[in-house]
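Next come the chains, spelled out residue by residue.
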Amino acid sequence: MHFKKLPVLKIEHINKDYFVLGVRDKELTQKIKPGHFFQVKDPASRIPLLPRPFSVYKVDNDELEFLVKIIGEATMKLSHLSTGQDIQLLGPLGNGFPLVSGKKVLLASGGIGFAPMPFLEHKLKEAGNEVHFYHGGRSSNDVFCDSVENCTDDGTFGHTGFVTEYVEKYLDSTHIDIVYACGPEPMMKTLTIMCSKRDIPIYVSMERVMACGVGACCGCVIKIKENDSIVYKKVCNDGPVFYGAEVVWDA
Amino acid sequence: MHKCEIEFGKMKWKNPVTVASGTFGLEYADLFDLSQLGALTTKTITPLPKEGNEPQRIVETEAGLLNSIGLQNPGLDEFIRTDLPQYRKFHTNLIVSVSASSIKEFINMIEKLNVQSGVDAYEINVSCPNVENEGIAFGTDPEVVFELTSQLRKATEKTLIIKLTPNVTLITDIAVQAERAGADGLAMINTLYGMAVEVRTKRPKLHSIIGGYSGPAIKPIALQNVYKVAQAVSIPILAMGGITNSDDALEFIIAGASAVAVGTYNFVNPLCTLEIIKGIEDYCVRNDMKYQDLIGSIQTKG
Ligand SMILES: Cc1cc2nc3c(=O)[nH]c(=O)nc-3n(C[C@H](O)[C@H](O)[C@H](O)COP(=O)(O)OP(=O)(O)OC[C@H]3O[C@@H](n4cnc5c(N)ncnc54)[C@H](O)[C@@H]3O)c2cc1C
Ligand SMILES: Cc1cc2nc3c(=O)[nH]c(=O)nc-3n(C[C@H](O)[C@H](O)[C@H](O)COP(=O)(O)O)c2cc1C
Ligand code: FES
Chain L
1 MHFKKLPVLK IEHINKDYFV LGVRDKELTQ KIKPGHFFQV KDPASRIPLL PRPFSVYKVD
61 NDELEFLVKI IGEATMKLSH LSTGQDIQLL GPLGNGFPLV SGKKVLLASG GIGFAPMPFL
121 EHKLKEAGNE VHFYHGGRSS NDVFCDSVEN CTDDGTFGHT GFVTEYVEKY LDSTHIDIVY
181 ACGPEPMMKT LTIMCSKRDI PIYVSMERVM ACGVGACCGC VIKIKENDSI VYKKVCNDGP
241 VFYGAEVVWD A
Chain E
1 MHKCEIEFGK MKWKNPVTVA SGTFGLEYAD LFDLSQLGAL TTKTITPLPK EGNEPQRIVE
61 TEAGLLNSIG LQNPGLDEFI RTDLPQYRKF HTNLIVSVSA SSIKEFINMI EKLNVQSGVD
121 AYEINVSCPN VENEGIAFGT DPEVVFELTS QLRKATEKTL IIKLTPNVTL ITDIAVQAER
181 AGADGLAMIN TLYGMAVEVR TKRPKLHSII GGYSGPAIKP IALQNVYKVA QAVSIPILAM
241 GGITNSDDAL EFIIAGASAV AVGTYNFVNP LCTLEIIKGI EDYCVRNDMK YQDLIGSIQT
301 KG
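Top to bottom, those sequences are chains L and E.
According to the numbering used here, the first sequence is numbered sequentially starting from 1.
According to the numbering used here, the second sequence is numbered sequentially starting from 1.
Here chain E stands alone, though its shape is the one from the complex (with noise of 0.2 Å):
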């Protein structure tokens, strides 16, 4: 039996796959034991309580799904009193996803989440707006990237990932300003923008009018995202983007992912993430091949 496990920053997963932030929550220990998941990815949390957005906050349109939820969660202190004891229960890695909205805001999290025990990683979603520089997102600026993680760099030991958007014109420019600013691992990508329109009504499907869109219709792009920056940086990619079952999530790694995540497909079986383990340690097996020998092992000569 092939085990494909990975270290991916200072962590070590019994396996590469794991849940997407927003996604996939402590609802589901219900259904199956999470302890079998290479790693568990928290909601993103922010330094104060959100309500969301306004309601219609879904909607499904062709082979994918449109959202605005609006980061809804309980703040980080509230995180750290109910979830985290819970998340911690289990047996695999914890990613903690952050959002605020300032260098000093992320930091001050970062710093609290430091002295909590069961806290793996942190993986840094900077597509939210940023007040320090004009509503521009983090994420869309390679200088802004390099200075947060700098700054993050220097507040913590533990394994760093940031989380990069589509949404911008040269993703590989920000992914190689994370890596020089000393980020472990990259994770991509969040949701594209995206709409849809009531015709019988002229009206926007979503309150927000624009949502993020993702789900398996996104595949495409995600991979192109995945192999460009694959080629660009040497940390590790965790891929999402429309996984569904463990050929999506092998052609993410052959285009250079070292580990998966799926978001969107938890909805429609919330078992997938346990059948995408079991193909691709089948598929190690088939093909005798080392897990390691698979990530980046794309062919794209001759």
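Just chain L, same shape as in the assembly (with noise of 0.2 Å):
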């Protein structure tokens, strides 16, 4: 884990929702596994006053870079930051995906749960596994690329409807070993009954909201099944990753 302010290498809108945030910094991308978060800050605005968590969406040599969505005052505030302009990090943090190799894998994410995925199917590729990608949004502006099997609500790009039940059709008519999901926690609920109903394994990464963002403060708990009890586990730092038959949804 590292704390550092580093320059915006680059700030690239996609539409009026999203945008891309990179840095360049060799020490971190050397750290970084799919499905890790950084605490991130504008440090020169102290309202808001905490960073936020976001995942790590690519790393390219010493290049890093955020998918971001605009939600409130935090990230409004990253949207308008220029090239040159610090910001300040603290990662990498959490537990990351549990990498596999030589399986046939499926990535399954919802809107702005894109973020972590590209870098996973990276990993998961040069780790020699079959990868299938489906990604949902409610419409064309929650989409980011065209290489992987989309699906929005309005139908306008892509498949019609949610991810979830294109997901269901590819799972009957496919062998898959072990699937990865991030997005809208009902996303991730329905697809771990799915899973566990055809006994494949499903890691889910879950979004609490955070204050220290690295175990310190027991903010960002969630519960989980263990053994036969269900515990507190803190997002930050025992996740944000959690096999999806141990969370506790609608908790």
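For the record, the hints were derived by calculation from the structure and aren't laboratory data.
Just so it is clear, the structure is predicted and the values come from calculations on it, not from any experiment.
Even glycine gets a Cβ: it sits at the ideal position worked out from N, Cα and C.
Certain hints may be false.
A few chain L residues facing chain E, derived, Cβ under 10 Å [said to hold, decoys possible]: (1) Pro43; (2) Arg208; (3) Cys217; (4) Val221.
Calculated cross-link-like contacts (lysine-lysine; reagent style DSBU-like; alpha-carbon spacing at most 30 Å) [what the hints assert, rightly or not]: (5) E:Lys219 to L:Lys77; (6) L:Lys16 to E:Lys205; (7) L:Lys125 to L:Lys58.
From these two lone chains plus the hints, build me the complex, please.
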């Protein structure tokens, strides 16, 4: 884990809701695993106070990128940064996705849950896995690349309907060894149920509001089934990636 | 180079800066050598493990943070087994924060910790409900604070610090009773009561509805509490509440604090304690002042 202030190398607006933020730092990029995240902040603004967690979107040699959705004040302020201005980073944080090799893998993301997937896809392919990637968004605005199976709720891009419908069809027609998911909780819950019916392991990347991001404040806990009991685990430190069947959904 | 060394109770600090209980853990040892701090303060430990409150546990509001962690901790035995050996590796003072629900439980904890090496001080977190006193927090009743502190004083020779809550009418009464009963120092302030509501759903943002408010927003409130108490007692004060940089820290020191702690701001800049240490030392050099002379040097007349 490192704490750094780095100049913004790249700020690229995809559409009114999303942008990509890039920095350069070799020390950081060498340590990043798929599913890791950083606590990011514009050091020049005092409000909002706390940094915000963002997954690593892409790593290319010494360059590191985040894909950010504008939600509220912090993400809005980050979107107004220009190249050369400093951003503050703490990370890499979290456990990351456990990697496999030589398997048939399915990736499923929804909305901004797309963010950790391209880097995961890259690493899985590097390790000799066969990767199938399904992504769902509300509309064409929430679709980020056309090399994956895209679905939109309103049919403005790719297949029409929820990503979960298409994943289910796919799981019925093809053998899959393992599933990785990131997206809205109802989507990850549905996928977990689908996978447990078919005895397929699934890893999900969870989101919670965070303060420290490192495990010190106990602010970001979720309920996890462990042995026969339910315990609190920290999303920042024990996660954000959990085994789907262990998550207490709708807690 | 001015070294801002201090004595706090029976402890010698190489500089007057520590971290506030519950906001900083061994996790940060990855980032810098924690031995650089004047002291380390642990998260509050209770006799038995506590799983903490239902989430949502944190909400950011204007320049501050609301939390209702509910003292999640592994319990005293597990702390001694797992965390304490790791804390021992750092060459600085260790303040163990403790809380319990009766005086007897507090004493049992202190007795167990007394025989451990590497513990320099106890910070008594008296903001918890006191079952002996029909659910009123220990720290809101001057007589209870006197009784608890006297008994703990008999139970240990180590530095005894009472952490005060600002959620009372007369904080000086409580501070004076802690001093009379033999406390070596005071830590202040703990969080203020606060609340936030989600307008769209009309629901409280915290599961526990009301939580503890901390961060830059509470600094003026903390400062006046420290100033008032410094006028009323002669034991040292460890001040906290919204400190983010060395100027914030200096405000507290000038108002009467002997040492300072950073809480919420560790989440924003985990290296800020180091910047604060340097900032205080630089201030003493610039003004050619001994740190001791800075404490309580506020000019209120003329
Ligand atoms: C491990 C992790 C990885 C993430 N990765 C990405 C990413 O790669 N790209 C991206 O755009 N976003 C990501 N997020 C979500 C991102 O952190 C939030 O969108 C951001 O904190 C919103 O901040 P804001 O100040 O703009 O909005 P705020 O004003 O803080 O919040 C607006 C609304 O969003 C909710 N919210 C705040 N923080 C979070 C949060 N952490 N998770 C869910 N809801 C939240 C608030 O309760 C509020 O209702 C991730 C979150 C986590 C926990
Ligand atoms: C997330 C969080 C957890 C805390 N946990 C404790 C605790 O376990 N024991 C305690 O005495 N104070 C606890 N506090 C209070 C702090 O130690 C400190 O008194 C308070 O936050 C004011 O300082 P600050 O404004 O710098 O944060 C906690 C504060 C926060 C924000
Ligand atoms: S955000 Fe502090 S413990 Fe997870």
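Exercise for the section: Check each numbered hint from earlier against the structure, then list the numbers of those it violates in ascending order. Expected result: none
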